[in-house]
Amino acid sequence: MAVFTRGFGGHHPEADRPLPPGQHLTADFPVLSAGPTPNVDAARWELTVRTESGAEHRWDWAGLQAMPAEDVTVDIHCVTRWSKHDTRWRGVPVDAFFEDVETAADFVVAHSYGGYTTNVPLDDLLDGRAWVAYEYEGDPLEPVHGGPVRLLVPHLYFWKSAKWLRGLTLHEHDEPGFWEQNGYHLYGDPWSEQRYS
Amino acid sequence: MNTWHVAQVVAVGRLTSTARTLTLAVPGFAGAVAGQHVDLRLTAPDGYQAVRSYSLARVGRDEVVELAVDRVDDGEVSTYLVDVAEVGDRMEVRGPLGGFFVWHPDDVGPVQLVAGGSGVVPLAAMVRARATSGSPAPFRLLCSVRSPADAFWADELSAPDGVATTWVYTREAPPGVTRPVGRLSAADVDAHVIPPGERARVFVCGPTGFVESAAALLLDAGHDPARIRTERFGGT
Numbered sequence: 001m002a003v004f005t006r007g008f009g010g011h012h013p014e015a016d017r018p019l020p021p022g023q024h025l026t027a028d029f030p031v032l033s034a035g036p037t038p039n040v041d042a043a044r045w046e047l048t049v050r051t052e053s054g055a056e057h058r059w060d061w062a063g064l065q066a067m068p069a070e071d072v073t074v075d076i077h078c079v080t081r082w083s084k085h086d087t088r089w090r091g092v093p094v095d096a097f098f099e100d101v102e103t104a105a106d107f108v109v110a111h112s113y114g115g116y117t118t119n120v121p122l123d124d125l126l127d128g129r130a131w132v133a134y135e136y137e138g139d140p141l142e143p144v145h146g147g148p149v150r151l152l153v154p155h156l157y158f159w160k161s162a163k164w165l166r167g168l169t170l171h172e173h174d175e176p177g178f179w180e181q182n183g184y185h186l187y188g189d190p191w192s193e194q195r196y197s
Numbered sequence: 001m002n003t004w005h006v007a008q009v010v011a012v013g014r015l016t017s018t019a020r021t022l023t024l025a026v027p028g029f030a031g032a033v034a035g036q037h038v039d040l041r042l043t044a045p046d047g048y049q050a051v052r053s054y055s056l057a058r059v060g061r062d063e064v065v066e067l068a069v070d071r072v073d074d075g076e077v078s079t080y081l082v083d084v085a086e087v088g089d090r091m092e093v094r095g096p097l098g099g100f101f102v103w104h105p106d107d108v109g110p111v112q113l114v115a116g117g118s119g120v121v122p123l124a125a126m127v128r129a130r131a132t133s134g135s136p137a138p139f140r141l142l143c144s145v146r147s148p149a150d151a152f153w154a155d156e157l158s159a160p161d162g163v164a165t166t167w168v169y170t171r172e173a174p175p176g177v178t179r180p181v182g183r184l185s186a187a188d189v190d191a192h193v194i195p196p197g198e199r200a201r202v203f204v205c206g207p208t209g210f211v212e213s214a215a216a217l218l219l220d221a222g223h224d225p226a227r228i229r230t231e232r233f234g235g236t
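From first to last, the protein sequence lines stand for chains A and B. Its first residue numbered 1, the first sequence is counted upward by one per residue in UniProt numbering. Its first residue numbered 1, the second sequence is counted upward by one per residue in UniProt numbering.
Warning: the hint list may mix true and false statements.
Unchecked claim - According to the in silico footprint, chain B covers these stretches of chain A (three or more CB under 8 Å from chain B):
#, stretch
1, 4–10
2, 31–37
3, 152–162
Claimed, not checked - Straight-line alpha carbon distances no greater than 25 Å define the calculated SDA-like cross-link-like pairs of lysine to any residue that follow:
#, chain 1, residue 1, chain 2, residue 2
4, A, K84, B, V163
5, A, K84, B, V189
6, A, K84, B, G47
Honestly, the hints are just simulated from the structure, not real lab data. Note that the structure is a prediction, hence the values are computed from the model and not measured. Glycine included, each C-beta is placed from N, C-alpha and C at the ideal position.
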């Protein structure tokens, strides 16, 4: 049974397409981070993919720039209830980092400079559904938004799109990351409103 | 925690020209820890709903939610809460939420609080939780505000028997304050923040720009990033 709030009309923003339940559109780009923004120099940035057997594959900034990049326009949805339509990014599909990786694992933990972690099923990172992104709206990605390099997984709540990305580790079991250990949902589908565990 | 509770406004109070406190009676709400927040849901007569998150200004009383809301220009929820809501009005609350930006009274280590504007709200909850629990934890509070008129709970937070509080004014200072008005600086951090060697737990809350610059000053001063917890609002 709905509880109506006397005197509240709301803005009824004109969304040109539906939003996930409980979300509202924002024009600016809010910042949610659990701690200070780490200073990560692109010159010393590295990304390591480590399999469940310990095999490591590594890329540096020049290696990243040499990979085929895509320009993508996606909607993003933060668990704190803002959504942003038509954000433009440039990055490399995550598939490209797994071309030479032999794994039977189904789960990934993304690791950030600064210590942040988040877990994502491997399938959610493949088939062109996720990117290793380094430009936002035509400019190098700002540190406050995860620069120099962040993960971009727009079909899940945005805490899954780890800022300051430094590693992807493969696991046979789903290992909860930072927010997932602090009350947030293991998977985080905005359309099913999987906010909290 | 996933349940929406019916909430009714039982008191409102003026804080500043743009902010006020709201006290809600919320049957079923319990167990909040200082620093946590709630989701607040408003429903218009036509069924339209809006949800926003607000930090708890005080914890410790089950079935009571105390908020302090600053009006955001064009904010559909904050303008309602600051300008329209009256005692008796109803809305819905979910929570308490958040397990990281929290202070537990059994943590007796030193605590440094750094607030920008209305970011003082969850930090005030920590100051109050410390007082009611009788905790011996050393607390310092550094608050940056535009002017004395913009300060939340200035008398309470500056009380001589409470925590060591410093106010920093960015636009207009009260008479007798010698520090030139301006943004939080390295000198302020040097003078008023618990030194890094004491390994205080540091909580920083405020608008994104404030938190970014304050956290950078703390890192420059030698604070361990792993001991700094941040909560930001607003965009870039």
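Evaluation of the provided hints:
1. 4–10: It holds: at least three residues are needed, and the stretch 4–10 of chain A offers 7 whose Cβ sits within less than 8 Å of chain B.
2. 31–37: With 7 residues closer than 8 Å to chain B, the stretch 31–37 of chain A meets the three-residue bar; holds.
3. 152–162: That given contact is violated, which follows from only 0 residues of the stretch 152–162 of chain A lying within Cβ reach (below 8 Å) of chain B.
4. A/K84 - B/V163: 40 Å, violated
5. A/K84 - B/V189: 35 Å, violated
6. A/K84 - B/G47: Given pair A/K84, B/G47 holds - Cα atoms ~23 Å apart, limit 25 Å.
In this structure, the earlier hints numbered 3, 4 and 5 are contradicted, and the remaining ones agree with it.
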